[in-house]
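Peer 1: Work the whole structure out from these sequences, hints included.
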Amino acid sequence: MDRRWLGDLWTWLDARLGLSYVQKIAAKKDVPVHRHTIWYYLGGMTLFLFMVQVATGVLLLFYYRPSAEEAYESIQFLMAEVEFGWLIRSIHAWAANLMILTVFIHLFSVLLLKAYRPPREITWISGIALLGLSITFGFTGYLLPWNELAYFATRVGTEIIGVVPIVGTFMLSLLRGGPDVSGATLTRFYAIHVALLPAAAGVFLAVHLFLVQKHGMSTPDSVNAGEQGARAMPFFPNFLLRDLIGWLTALAILASLAALFPAELGVKADPFQPAPVGIKPEWYFMFMFQSLKYLPAHILFMEGEAVGVFAFGIAGVLLLLVPFLDRPSIRGQRERLFIWLGIAAIAYIIVLTILGYTANPTQ
Amino acid sequence: MRRRFSAAVILACIAMTVGQADSALAQEQQDTCLTCHRALPAGRLADPATLYAEDVHAAEGFRCIACHGGDATVVGPAAMDPDKGYIGTPERQQIPALCGRCHSNAEFMKRFNPALRVDQVAEYETSAHGQALRENDDPNVATCTDCHQSHSIKAASDPRSTVHPLNVAEMCGDCHADSTRMEPYRLPTNQLDDYQTSVHWQMITDGGDLSAPTCNDCHGNHGAAPPGVSWVGNVCGQCHAMMADLFNESRHSRVFALLGSPGCATCHNNHDVHPANDDMLGLGEGSVCARCHTDEDPGGQTAVAFRSAIDSLRMTTEEAHALLLRAENAGMEVSQALFELNGAEDALIKVRATVHSFDVDAVTTETEAGLEIAVEAQSRGREALADLRFRRLGLVASVVIIVALIIGLVMKIREIEHGA
Numbered sequence: 000m001d002r003r004w005l006g007d008l009w010t011w012l013d014a015r016l017g018l019s020y021v022q023k024i025a026a027k028k029d030v031p032v033h034r035h036t037i038w039y040y041l042g043g044m045t046l047f048l049f050m051v052q053v054a055t056g057v058l059l060l061f062y063y064r065p066s067a068e069e070a071y072e073s074i075q076f077l078m079a080e081v082e083f084g085w086l087i088r089s090i091h092a093w094a095a096n097l098m099i100l101t102v103f104i105h106l107f108s109v110l111l112l113k114a115y116r117p118p119r120e121i122t123w124i125s126g127i128a129l130l131g132l133s134i135t136f137g138f139t140g141y142l143l144p145w146n147e148l149a150y151f152a153t154r155v156g157t158e159i160i161g162v163v164p165i166v167g168t169f170m171l172s173l174l175r176g177g178p179d180v181s182g183a184t185l186t187r188f189y190a191i192h193v194a195l196l197p198a199a200a201g202v203f204l205a206v207h208l209f210l211v212q213k214h215g216m217s218t219p220d221s222v223n224a225g226e227q228g229a230r231a232m233p234f235f236p237n238f239l240l241r242d243l244i245g246w247l248t249a250l251a252i253l254a255s256l257a258a259l260f261p262a263e264l265g266v267k268a269d270p271f272q273p274a275p276v277g278i279k280p281e282w283y284f285m286f287m288f289q290s291l292k293y294l295p296a297h298i299l300f301m302e303g304e305a306v307g308v309f310a311f312g313i314a315g316v317l318l319l320l321v322p323f324l325d326r327p328s329i330r331g332q333r334e335r336l337f338i339w340l341g342i343a344a345i346a347y348i349i350v351l352t353i354l355g356y357t358a359n360p361t362q
Numbered sequence: 000m001r002r003r004f005s006a007a008v009i010l011a012c013i014a015m016t017v018g019q020a021d022s023a024l025a026q027e028q029q030d031t032c033l034t035c036h037r038a039l040p041a042g043r044l045a046d047p048a049t050l051y052a053e054d055v056h057a058a059e060g061f062r063c064i065a066c067h068g069g070d071a072t073v074v075g076p077a078a079m080d081p082d083k084g085y086i087g088t089p090e091r092q093q094i095p096a097l098c099g100r101c102h103s104n105a106e107f108m109k110r111f112n113p114a115l116r117v118d119q120v121a122e123y124e125t126s127a128h129g130q131a132l133r134e135n136d137d138p139n140v141a142t143c144t145d146c147h148q149s150h151s152i153k154a155a156s157d158p159r160s161t162v163h164p165l166n167v168a169e170m171c172g173d174c175h176a177d178s179t180r181m182e183p184y185r186l187p188t189n190q191l192d193d194y195q196t197s198v199h200w201q202m203i204t205d206g207g208d209l210s211a212p213t214c215n216d217c218h219g220n221h222g223a224a225p226p227g228v229s230w231v232g233n234v235c236g237q238c239h240a241m242m243a244d245l246f247n248e249s250r251h252s253r254v255f256a257l258l259g260s261p262g263c264a265t266c267h268n269n270h271d272v273h274p275a276n277d278d279m280l281g282l283g284e285g286s287v288c289a290r291c292h293t294d295e296d297p298g299g300q301t302a303v304a305f306r307s308a309i310d311s312l313r314m315t316t317e318e319a320h321a322l323l324l325r326a327e328n329a330g331m332e333v334s335q336a337l338f339e340l341n342g343a344e345d346a347l348i349k350v351r352a353t354v355h356s357f358d359v360d361a362v363t364t365e366t367e368a369g370l371e372i373a374v375e376a377q378s379r380g381r382e383a384l385a386d387l388r389f390r391r392l393g394l395v396a397s398v399v400i401i402v403a404l405i406i407g408l409v410m411k412i413r414e415i416e417h418g419a
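Top line first, the protein sequences correspond to chains A and B.
Residues in the first sequence are numbered consecutively from 0, following numbering that gives the first Met the number 0.
Residues in the second sequence are numbered consecutively from 0, following numbering that gives the first Met the number 0.
Some clues are possibly wrong.
[Stated by the list, open to error] With a Cα cut of at most 30 Å, we get these calculated BS3-like pairs of lysine-lysine: (1) A/292 with A/279; (2) A/213 with B/109; (3) B/109 with B/83; (4) B/109 with B/153; (5) B/411 with A/28; (6) A/28 with A/213; (7) A/27 with B/411; (8) A/267 with A/279; (9) A/27 with A/213; (10) A/23 with B/153; (11) A/213 with A/23.
Quick caveat, the hints were computed from the structure, so don't treat them as lab data.
Here the structure is a predicted model, which means the values were calculated and not measured.
Peer 2: Here is the structure:
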């Protein structure tokens, strides 16, 4: 009885949505199986965490009030008075951090496995765009509780933009909505966080997923060069069920972090107070922040910080252009230079991040 | 003696005239006193001229002749001609009037310091020092120069001044802690030692609070005298206004007056005022009530009731605070409850002040107001900790469900792949 009812529903929907077409594609889609297959799950896990972010973010919007006068109090009310408000906010905060972590791991796994090789250049570019959007999500969302830590970290973070020659001052003022971080910055960041970034992320995510679907999973050169080549497993249901295990594991980690280490609120921001000692940015900015601290005040005719910002800008552009710069890979040759560069970048990020948390903040 | 002094001055002036450039002499021509006395060997005659360089009066342009008279435009003994008003070292009995020539003249003083009072001499006349000087012609009592110095007078706000709040106690103690000097007056000499154990001294020295009282704040600046038994409360009430008002309206105020007890000092002491604590109340160890009351008289029973009220409010507040801190340290959001608990801590302060009214109803009313807040905070703390336990249980349940789902998925994958 039930099965007949489900069958009727499927037929009805298929006639209108073309579900059998999707089913055919899913049935044909295979995922290579080799010793690096585990890295294929990172993209799906990032997507899961993004969906968690969207769901919890929408729920937070029911209570959050985006003004310097009310933001902190609205979060305080949410955390103390609203049923499961603490859980929603804590999951939102932890999922943000985990998502940026999985984005980084996904990026470096793709870089080291050279999954950006033709014809996947645009997949890579859309992925880098999503990385940039994820970091911007983190930066804008961090200010929204309007607490002391967020306020001063944002002040330091936005100051870095101000050192860019010629356009720095204008960009700083545009971003802050005035000369300093204020209520205008909060509403600006709020609009960016809940409207502009989700719209942009939606577009790039659609492109990224479409291209992954179109080109399938890339098989590393080392696997292709083997005598056996790569085995494969069906995407549906074999890979999807394994993906679900990853998602459930991520959910269990998220629930544990939220219950055992709920997101803190701290003290309300007071622009007239001095900045607390040793103010630090979020962990994913730490390597850049620490690098800038090691630069001398002046390098040649430029300010040291401006040189640092310029260098990170150049590094970002080079990262974006990796599929076009790695010419041996385009020609199908095995070339390890970009693998070593990727390993060097990972080591640099890890060492500078550790130094950021362990070095004396006054140095 | 006088002849030898004149010879020394003349020699000094000749040496100055020969040894220094004409221009230097010309600059000081208007004050030959300083020119000659600075040239003398260090000692009684030269030191005043040296010290005076940093005197507040020198900074305002006053010269030696302002106090000592004479003629500072001529060199040598002629400058010290009594016919020109020279008085030499003023007699101690002359000093208050000498200082008062300027300091009691409002018209004159406002040209230099309009905020400075001009009643110092009048006040001094009311002091134990002034009365002994005037009535007994006692040359050993303090006059203006004993406290302010003679030739190195500084503003009271200058930390180098002997009358700066940090230095007043030591300055008074120079005489009042000296048993030899105090012996003829049959005055005790333990005040300085006692005061330096007090909370007031701690506030000044450790706390850096220069508004905390030192000798002159209770005894008067110039009208220094022991406060009368009946008006000690007014002295303490300068700062502790609320307690003084409550005490003045209380039964104890009248009883103490009848008994000749010195008001506040009866329980809190006079010079060795230590931080008040709850042990002073009731009839237990450290109680001041027990000095007069027992558990058999209504006063003793009231004291016990006061102590019990304060203890219950304090303990409830502390317990609420501990509960909320435990919850906060576990990551619970209890900042609003912690903020509201400040109301109970304020109430505790108020109850401790209200005790000075010795009014059972007033103390009960204030205690109940505080207890209401503290009990509410306690309940918020317990709720937060219960919520924390619920979260942990919820986490365990969620993880169990998720793990079960994962096991189910693994089995499903095996079933599919083995079937294939």
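Peer 1: Taking the hints in turn, state whether each one holds.
Peer 2: These are the hints, each one checked on the structure:
no. : hint             : in the structure
1   : A/292 with A/279 : 12 Å, holds
2   : A/213 with B/109 : 94 Å, violated
3   : B/109 with B/83  : 28 Å, holds
4   : B/109 with B/153 : 18 Å, holds
5   : B/411 with A/28  : 20 Å, holds
6   : A/28 with A/213  : 10 Å, holds
7   : A/27 with B/411  : 20 Å, holds
8   : A/267 with A/279 : 17 Å, holds
9   : A/27 with A/213  : 12 Å, holds
10  : A/23 with B/153  : 100 Å, violated
11  : A/213 with A/23  : 14 Å, holds
The structure shown violates the earlier hints numbered 2 and 10.
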